[in-house]
Structures are given as C-alpha cells and as structure tokens.
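2 protein chains.
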Amino acid sequence: MTVNVQELVIGILGGTGDQGRGLANRFARAGHRVIIGSRSEERARAAAQELAGSGGPVDGMTNADASRSADVVIAAIPWEGHAELLASLAAELAGKVVIDCVNPLGFDAKGAYPLPVPEGSAAQQAAAVLPDSTVVGAFHHVSAKLLLDAGVDTIDMDVLVLGDDREATDLVQALAARIPGVRGVYAGRLRNAGQVEALTANLVSVNRRYKAHAGLRVTDI
Amino acid sequence: MTVNVQELVIGILGGTGDQGRGLANRFARAGHRVIIGSRSEERARAAAQELAGSGGPVDGMTNADASRSADVVIAAIPWEGHAELLASLAAELAGKVVIDCVNPLGFDAKGAYPLPVPEGSAAQQAAAVLPDSTVVGAFHHVSAKLLLDAGVDTIDMDVLVLGDDREATDLVQALAARIPGVRGVYAGRLRNAGQVEALTANLVSVNRRYKAHAGLRVTDI
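Protein chains in written order, with the numbering used here: chain W, 53 to 273; chain Z, 53 to 273.
Keep in mind that the hints were calculated from the coordinates and are not lab data.
Just so it is clear, the structure is predicted and the values come from calculations on it, not from any experiment.
Hints should not be assumed to be uniformly reliable.
Identical copies look the same in the list; a pair holds intra-copy or inter-copy alike.
[What the hints assert, rightly or not] Lysine to aspartate or glutamate pairs mimicking DMTMM-like chemistry, simulated, CA-CA at most 25 Å apart:
hint	residue 1	residue 2
1	K148	E59
2	K162	D217
3	K263	D208
4	K162	D216
5	K263	D70
6	K162	E219
If we strip away everything but chain W, and leave its shape as in the complex, we get (with noise of 0.2 Å):
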C-alpha cells in the first residue's frame, strides 16, 4: 500500500465537539480536505462552515455520509454512547481505518479518573464493533484548546499510536505529524490502549497543578 498521506480525506465522527473540531482544524489547515460528521447534519454545517477558509475544504454530513465520504475516520465522539454509535456506522467504516481517540474518563470534587471498559480500552471496544474496519487508536492526550487557538502554530507533543496493523499505524503516525510539531510515535498493540487512554485523566491532573496544557514527549527516540 502506497498512500499519498496528504491527499487523504479525513472524516471526523462527533467532529462538532471540542477534540474533532479541533483536529479537524489542525488537518484542514495541513490542506486536507475534511468532513465534520455530526448525528445533526445541520450542526455539522455549521461547524464545517466556521472553519471555511482555514486551508482545505471543510464539509459538514451525518456520521453515516462522512463515514462513507472519507479515506479515513477519526472518532471523537463522547465515551457515553460509544460502542452504539460505531457499531451502527460498521457498514460504512468496512474496509476503512478508525482512528480512536475517545478517553474513557469520570470528572469528581479531586479532578478526573478513568472509568473501567470492559473491552479494556475504547480502542478495542471500536476494534470490537467494527470487526471490519482496521481500528487504531491516536491523539488522545492533544488539548482541543490547542487544537483550536488559531493563534498555536506547532503543538510540542508525540501523539502515542496504538494498533494492530503496521501498514495503519504507520498511516496514522504520518497522519499526526501533517500537525506541525507533532511527532507520531508507534506506542504499542491495541490491548496497550487502556493506560494510553487513561493516562489523559493524569494530563488533567498536570494541567491543574502546573497551570499548563501538558503534552507528552518520548524521549531517546
């Protein structure tokens, strides 16, 4: 498989929240042409339309058309309601790569913790509901505030790429570095997501005490 990395048209599922408008802010302004997938269509649109003109062409459909519309989907829907959703959209994402980067995540009086997933990770409930979609899971610790700031040029982060697949892994880490600053880091097989996806309620916890929006680094790589 030979791909064009750059040429690939990203679908952003839940891509009217925080995170997915944020990456699909950060991919359009790499000049890819993204869809916003939105259970609404109409707030798709509108979500697609405030981030015209920021590079490439951004477009706003159900879940169900951008699932079908893109090369690959990233889903950045809410944990709640997450193994439903991906399980009804399996017919459009066969044959395609999902990337994951839901964070599993309870918020109390002390901050966030993880919740447990009896599939051990979001990344393999996806991989659960979707047995014909290649599931990779990635961008869980980016701040959508960063994403976002139209000011923030480089974001000074790995993104931890988990998955199965060599040939999707390998797509996705070329993926997370068309985000300039960003390095895509291969972090290990799908049953290593849980702590990868845990591990953001500890970036919560840094945020707070440090007054920061904490990235993570690998270091002697």
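On the provided structure of chain W, position chain Z as indicated by the hints.
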C-alpha cells in the same frame, strides 16, 4: 516540614534486582546514604559492595532492617508477592514515605501487557497494606539499564509522581531531581497510578520498535 533532601537516607527494598540496584547507584552517586534491602542480608551486602565507592555510603541489610534504618523507602520488589512482602514490613514502614515503583506487567510473545490489579494499581495496593505509611508512586519508567550504566551521566526523562499527600509528593519530586537530567513531575492522585504503571508496557513496545531506552517528558511545564 522542612527537609534537607540531600541528607535523606534512602532504603531500597528488593534492592538486589536491576531496578533497585540502578536506583541505589544513582542515589549513591548523588551523595545519599543508601541501604539496599533484600530477603537475604548476604545478597544485600554483596549488592552494596558492588556499588561501594560510587558516592555516598551503601549498606546491605534485610528488608526489615533497611526499612527501620532509612528515612525514605523505595519498594523495588517483584509484583509477585508485592502485597505480602509490604504487609510484613508494615510496622517498620510506619510513619515513613514509601515510594512504590512496581509495574504489574505480564510478558508473552507479543510483548508486555498490564496485569489486572484488584486495588487499581501496585501503589494503591501498597497503600492498602501500609495504612500507617504515606505511599507515593514514582520511578516507574526509568530504565534499569540506564540507571546502572556507569557511562551515563544524565538521564533525559521526567519521573511522574503520584500521591495524595502534597508534602510527600513534593519530597519525591525533589528526590527524583537528584538524578541529573531527571525532573520530578506531579502527575495526579494515587487513584491515577494504575495507568502510569501500565504505561511501562508501552515503553517496552517503543523500545522494541525504535531500539531505544525510551522515557517520557511532559511538555508545557
């Protein structure tokens, strides 16, 4: 509490293992008095002998004597028998800061993966069996190989520090910084230790893929 960190006597339970000897080496080099603990006093003394002359004095004792004699104790013991060994030292460790650096991992042909821990993490298990100690999680990701390598002067990584007691996490952050190149970074409460321990499995994957001794840096702080 005002503590002269550099004057702390550091006990290392399981100090004859790679991680324990590596940490002993670095703290001795930083000028600390270090006490290597082991089930066998003889093996503890032999390990201490190997590190003699590297800096501060290094002694070998039983785990119980090391716990009694040290100001701060690092548990660098195997996951198997973790709860039982710590519980047997509860009296000696009472009133002290105990640093747990244990990673509950399994290994198979596909690499490393996190083992399920009923308490959520090794650190929480330690806290459960040591009700009169203050347990902090830290030093999970430091490579024993780098710690033991006499040719390595600085280690390029942050040590993530987890705990519910601010004085204790501040102390452990300061201790981490005694290793040149290392920063101690507060990374959340003990309930968020599990994913930091489990993330060691991802670093094992990174090390295999990139032929590295990977660590983490937290950005924007």
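Structure-based check of each hint:
1. K148 / E59: within (15 Å within a copy, 58 Å between copies)
2. K162 / D217: between (38 Å within a copy, 13 Å between copies)
3. K263 / D208: both (16 Å within a copy, 23 Å between copies)
4. K162 / D216: So K162 and D216 pass the 25 Å test across copies only (10 Å; inside, 35 Å).
5. K263 / D70: within (19 Å within a copy, 36 Å between copies)
6. K162 / E219: The answer is between: 17 Å across copies meets 25 Å, while 40 Å in one copy does not.
Violation of the numbered hints given earlier is absent; every hint is satisfied by the structure.
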